[in-house]
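*Asks:* Keeping their order, the protein sequence lines are chains D and S.
Oh and the first sequence: position 21 is 21 in the working numbering, straight run, nothing missing.
Oh and the second sequence: position 198 is 198 in the working numbering, straight run, nothing missing.
Hints were generated in silico from the structure; no laboratory data involved.
Treat the hints with care, as some may be off.
Identical chains share a label here; the pair holds if one copy fits it or two copies do between them.
As the list claims (entries may be wrong) - Subject to a maximum C-alpha distance of 30 angstroms in a straight line, what follows is the list of computed DSBU-like cross-link-like pairs (lysine-lysine):
no., residue 1, residue 2
1, 228, 132
2, 47, 238
3, 61, 172
4, 228, 238
5, 197, 72
6, 238, 192
Fair warning: this is a prediction, and the values are worked out from it, not measured in the lab.
These are the residues of each chain, in order.
2 protein chains.
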Amino acid sequence: MGEEQSPSDVGGGNVPFSEGDFLLIEYTVTTKEDGKVVDTTSEEEAKKAGIYSPDEEYGAKLVILGEGTLLKPVEEALKRADVSQEVVVEVPPEQAFGPRDPNKVRVVPLRELLRRNITPRINEVVEIDGQKAIVRAITGGRVLLDFNHPLAGKTLVFRVRIVKKIEDLSEKLKELLHRWATSLKREDIGVKIEGSKVTIELPRTAVNVDNLGAVLRLFIRDVKKYIKDVTEITFIEKVPLAE
Amino acid sequence: MGEEQSPSDVGGGNVPFSEGDFLLIEYTVTTKEDGKVVDTTSEEEAKKAGIYSPDEEYGAKLVILGEGTLLKPVEEALKRADVSQEVVVEVPPEQAFGPRDPNKVRVVPLRELLRRNITPRINEVVEIDGQKAIVRAITGGRVLLDFNHPLAGKTLVFRVRIVKKIEDLSEKLKELLHRWATSLKREDIGVKIEGSKVTIELPRTAVNVDNLGAVLRLFIRDVKKYIKDVTEITFIEKVPLAE
Numbered sequence: 001m002g003e004e005q006s007p008s009d010v011g012g013g014n015v016p017f018s019e020g021d022f023l024l025i026e027y028t029v030t031t032k033e034d035g036k037v038v039d040t041t042s043e044e045e046a047k048k049a050g051i052y053s054p055d056e057e058y059g060a061k062l063v064i065l066g067e068g069t070l071l072k073p074v075e076e077a078l079k080r081a082d083v084s085q086e087v088v089v090e091v092p093p094e095q096a097f098g099p100r101d102p103n104k105v106r107v108v109p110l111r112e113l114l115r116r117n118i119t120p121r122i123n124e125v126v127e128i129d130g131q132k133a134i135v136r137a138i139t140g141g142r143v144l145l146d147f148n149h150p151l152a153g154k155t156l157v158f159r160v161r162i163v164k165k166i167e168d169l170s171e172k173l174k175e176l177l178h179r180w181a182t183s184l185k186r187e188d189i190g191v192k193i194e195g196s197k198v199t200i201e202l203p204r205t206a207v208n209v210d211n212l213g214a215v216l217r218l219f220i221r222d223v224k225k226y227i228k229d230v231t232e233i234t235f236i237e238k239v240p241l242a243e
Numbered sequence: 001m002g003e004e005q006s007p008s009d010v011g012g013g014n015v016p017f018s019e020g021d022f023l024l025i026e027y028t029v030t031t032k033e034d035g036k037v038v039d040t041t042s043e044e045e046a047k048k049a050g051i052y053s054p055d056e057e058y059g060a061k062l063v064i065l066g067e068g069t070l071l072k073p074v075e076e077a078l079k080r081a082d083v084s085q086e087v088v089v090e091v092p093p094e095q096a097f098g099p100r101d102p103n104k105v106r107v108v109p110l111r112e113l114l115r116r117n118i119t120p121r122i123n124e125v126v127e128i129d130g131q132k133a134i135v136r137a138i139t140g141g142r143v144l145l146d147f148n149h150p151l152a153g154k155t156l157v158f159r160v161r162i163v164k165k166i167e168d169l170s171e172k173l174k175e176l177l178h179r180w181a182t183s184l185k186r187e188d189i190g191v192k193i194e195g196s197k198v199t200i201e202l203p204r205t206a207v208n209v210d211n212l213g214a215v216l217r218l219f220i221r222d223v224k225k226y227i228k229d230v231t232e233i234t235f236i237e238k239v240p241l242a243e
């Protein structure tokens, strides 16, 4: 008696996730029609699918529920998921990249492309006046260009696994900073918390991040938005001057 | 006997300046032929000459002798100057923006400019394929374009005054940082020196400097080059999170 208990605590165990929660997730996205991998956090999957890029960072990614970086149906499914369980969500085109628009398919004279120094090849992407199009066909001096998004009209299948819910404040801060500058490794970021004041010791590579000011500003914006009760952040960059 | 005295100390007083010295200078540059002001550190002069820009920072500027930001003859004159004395230096085109090259004056059909959405006006600057030209004449559908630098062939007159030689290490550090990010006001930069270790407390506006990483790197490069015996620099940015 007199003890408070929130409804979601009743029964303990599988508390559903809610807005503002920090989750580390792994996922692979395929198109339903042909099972082609279009996005993945797995280096192995990316290599298998031929979409691997050395500039990309693979491995579990931070997602803040309610932030809108994930498509709505995926977010909703995650809220009801358990840690480690694989969730499969089908997202129809209407909730993904929209339906295909037949008006966005146009015929253009081949010589007009050549005049712009564009040599079209079937199934490759060309860029015209800043707009990207896929070359669908080339016949009799005419080129069929499709300006629809490559994923328009496709149903996407998300396979998502929540690796972990982050509760620790210092871990949240490291993840937030890392996501704005992936070259700043989580393990090289030092965090000290004293009451409502936070000190972040940045790795020495911080000065190699050209747009560091913008990165810190985005980080501060996120801290204000998703982490309560922080009144001051002090950033420290210690740089040894080797001869 | 046994005491050392460097030659430049003999007589005391007016020791000439030398490479690596930090000087704050004010200057106004005019063309010799018509006395037009082409550059100045004086807000008043800039306004009088009609070249004032609100984005420009007026007032004394840092110059490090030997760095090469000033034209050679001006640097040489400064080395022999006294503080507060106005030095006047004439620099012939050969040592400034080069002689005029008659081959850089070309006639172009008016319709070609119009086709590129350029409407030429006499004495105004147009840009063609990334190159700037002054429109000298428009007659009978033909336009005379001068691709020479506007100061090519001109003798420049520099009136320079050394406001101060900076000797204090912490003042040198503030000037160096300020010159790479003029929005960081000297008086808002905190400097602490402990032995060979330097701590720089940046103003809170530092996170508004998008390219902060690049700024810090340029600063570090200059410290290594022009200030000896610094083994470590620690930057601190303290940001209060107002609600």
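*Asks:* So which hints don't hold here, by number, going up?
*Replies:* Numbers 1, 2 and 5 - these are the hints that the structure violates, sorted from lowest upward.
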